[in-house]
Amino acid sequence: MLVGQLLNGIVTGAMYALVAIGFSLVIGTLDKLNFAHSEVFMVGGFVAVLTANYMPWHLALLVIFLVGGLLGLATEFIAFRRFQTNEGKITAALASMALGLIITDLVHKGWGAEPVRLTTQSQWLQTGHSIFGATVLNLQIVILAVAFLLMAMLHLLLQKSRMGRQIRALAESSVSASLLGINVRRVTQTVFFVSSALAAVGGLLVALRGGAASSDIGLTFGLKSLAIMAIGGMGDLRGALVGGLLIGVLEALMFQLGLGRLVEMTAWVALIAVLIFRPHGLFGGGIHAQEQRA
Amino acid sequence: MIADHLFFAGINVLLAWSVYVVLMTGSLSFAQGMFMAVGCYTAGVLTVNFGWSLVPATLMASAFASVVAAVVGWPALRLRGVYLILVTIGITFCGRVLLENFKYVGGVAGFGGMQGATHVTVLVAVALVGAALLLLSRSPLQRTFDAVREDDRVAASLGINVPVVRMIGFASGAFIAATAGSLFGHYMSFVRPESFDILLSVYVVLYVVLGGVNNMWGALIGATVMTLLPEYFRVLAEWRPTVFGLAILLMLLFRPQGLLSFRTLSSRWKVDQRLANLADKP
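So the sequences go chain by chain: L and W.
This note's numbering puts the last residue of the first sequence at 294; the count rises by one with no breaks.
This note's numbering puts the last residue of the second sequence at 576; the count rises by one with no breaks.
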């Protein structure tokens, strides 16, 4: 039972990490907070509902990755491109929040406010294996595999590719990056594309696991991932991963202890505790950490 | 009907002002909905269970909410921008979960029995808070606030205790929000934890953004217009979030100086604009 709960926690944590890494990528390279991110995450689940009837889930994964990425490009164009100045940081965050409101409202108009059932044709996902006395569903393995594969690919992109070098240069300083001949707009778009695509895939995974796409997870699960990003350290991808797994497992353990709905508070209480004892987050210490200090 | 509209407009104006006060010190708060809930429940318990009358109960509840705000906000007020936003979102979520599990005030089922507030009470409160804000805008405290908002490092070098000033702003914001909450509860006479969810706090912040953050009138106008318009135009009520979001986006686009620019004098503004243009040239 305990092993089962732990596994559940790790699966949830991997999904948290996937969304938190998107937040972290944008805040780390561009120093901007993208509130529309959590709504793109929510939309991922609904695109899954749309595509579920036409294709198997692994093709849907690809479609959702692209749709999420395109939404990310749209977010960049609508809410961020015009607010480049230092003072515009909060403005851009508010603009993305307004965009998030619009996205949520359009989803409400399309599917209603209630969760929409997501039926997969595949029986294979629901078959389980027994390991250490706990049942492991194929679904859980798929979620873990997809999440970790995407994170590994992101790591490779950032550390080994030309674009990754440009992203890291932009994170250091956008002015020097543009002086070195880096196309800042192109790199910014790439960052938004990748982060939103990861979020949308996260939305698919959450919908697959819950068996339904729900329009309020953007404000619950999505914002919790934002807290997890801060717990791990802003702009630090390892931090987002470790923070996500930590909160996922903690939540599962607290649920096991019978705390019921109080479990919802875990991420936020952890955030406040981290801010008291380690204000830059678990892995904080990057360049932006210095600036965040008052 | 009209009384209802006046009442909700008044409540939203109070909430918008509570965001504005926090914003004066350069922080953005998404916890005003929860401070409203604290005010509502505390005042409700005082009037229903202890037989206090409305005014002392409201003042007591507001004072309590500002103490809560000071204590909870302290770890984040030492830090900048994004962290405070996150903590305020966290306060909203945690507060709701705590209220839902707090049997003494009814839990999920809600808490009822408060009465005594009318639209007149709310208008009086709006007038009082407005007068206080006007007084504040002519006091030295306002200049301290301005210094902290415009550049906290310079403010610190001038001997201003930046975290404390921010805490004063945050606690006063909570005070006003709690007053609004108490009146809201005593008008509706029944509230549930879900009346105070995160969307309420988001909307209130966006009222202020829409109205303009330069002065207290922006918050007043933004909140009034956004409360009353949907009441008179059905289409707006139906598409409220979309229309509202579009309005915000357009407003932000046509105020390229950005939200946190507080310069009101037009001549100053032109010079700044020219400087900004120069700085933006690659």
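These aren't lab readings, by the way, just hints derived from the structure by calculation.
In this text, a Cβ means the ideal position worked out from N, Cα and C, and glycines have one as well.
There could be a bad hint or two in this list.
[Stated by the list, open to error] Subject to a maximum C-alpha distance of 20 Å in a straight line, what follows is the list of computed SDA-like cross-link-like pairs (lysine to any residue):
#1 L:Lys-89 with W:Asp-491
#2 L:Lys-160 with L:Phe-193
#3 L:Lys-89 with W:Leu-543
#4 W:Lys-397 with L:Gly-260
#5 W:Lys-397 with W:Leu-543
#6 L:Lys-109 with W:Asp-440
#7 L:Lys-89 with W:Arg-534
#8 W:Lys-397 with L:Gly-258
#9 L:Lys-109 with W:Arg-447
[To be verified] Away from chain W, derived, C-beta distances all over 12 Å, residues of chain L:
#10 Val-3
#11 Ile-27
#12 Leu-66
#13 His-108
#14 Gln-126
#15 Ile-131
#16 Met-151
#17 Ala-152
#18 Gly-164
#19 Met-265
#20 Phe-277
Structure-based check of each hint:
{"no.": "1", "hint": "L:Lys-89 with W:Asp-491", "verdict": "violated, 25 Å"}
{"no.": "2", "hint": "L:Lys-160 with L:Phe-193", "verdict": "holds, 18 Å"}
{"no.": "3", "hint": "L:Lys-89 with W:Leu-543", "verdict": "holds, 14 Å"}
{"no.": "4", "hint": "W:Lys-397 with L:Gly-260", "verdict": "holds, 15 Å"}
{"no.": "5", "hint": "W:Lys-397 with W:Leu-543", "verdict": "violated, 42 Å"}
{"no.": "6", "hint": "L:Lys-109 with W:Asp-440", "verdict": "violated, 43 Å"}
{"no.": "7", "hint": "L:Lys-89 with W:Arg-534", "verdict": "violated, 26 Å"}
{"no.": "8", "hint": "W:Lys-397 with L:Gly-258", "verdict": "holds, 17 Å"}
{"no.": "9", "hint": "L:Lys-109 with W:Arg-447", "verdict": "violated, 47 Å"}
{"no.": "10", "hint": "Val-3", "verdict": "holds, 28 Å"}
{"no.": "11", "hint": "Ile-27", "verdict": "violated, 7 Å"}
{"no.": "12", "hint": "Leu-66", "verdict": "holds, 24 Å"}
{"no.": "13", "hint": "His-108", "verdict": "violated, 8 Å"}
{"no.": "14", "hint": "Gln-126", "verdict": "holds, 31 Å"}
{"no.": "15", "hint": "Ile-131", "verdict": "holds, 34 Å"}
{"no.": "16", "hint": "Met-151", "verdict": "holds, 22 Å"}
{"no.": "17", "hint": "Ala-152", "verdict": "holds, 28 Å"}
{"no.": "18", "hint": "Gly-164", "verdict": "holds, 24 Å"}
{"no.": "19", "hint": "Met-265", "verdict": "violated, 5 Å"}
{"no.": "20", "hint": "Phe-277", "verdict": "violated, 9 Å"}
The earlier numbered hints that this structure contradicts are 1, 5, 6, 7, 9, 11, 13, 19, 20.
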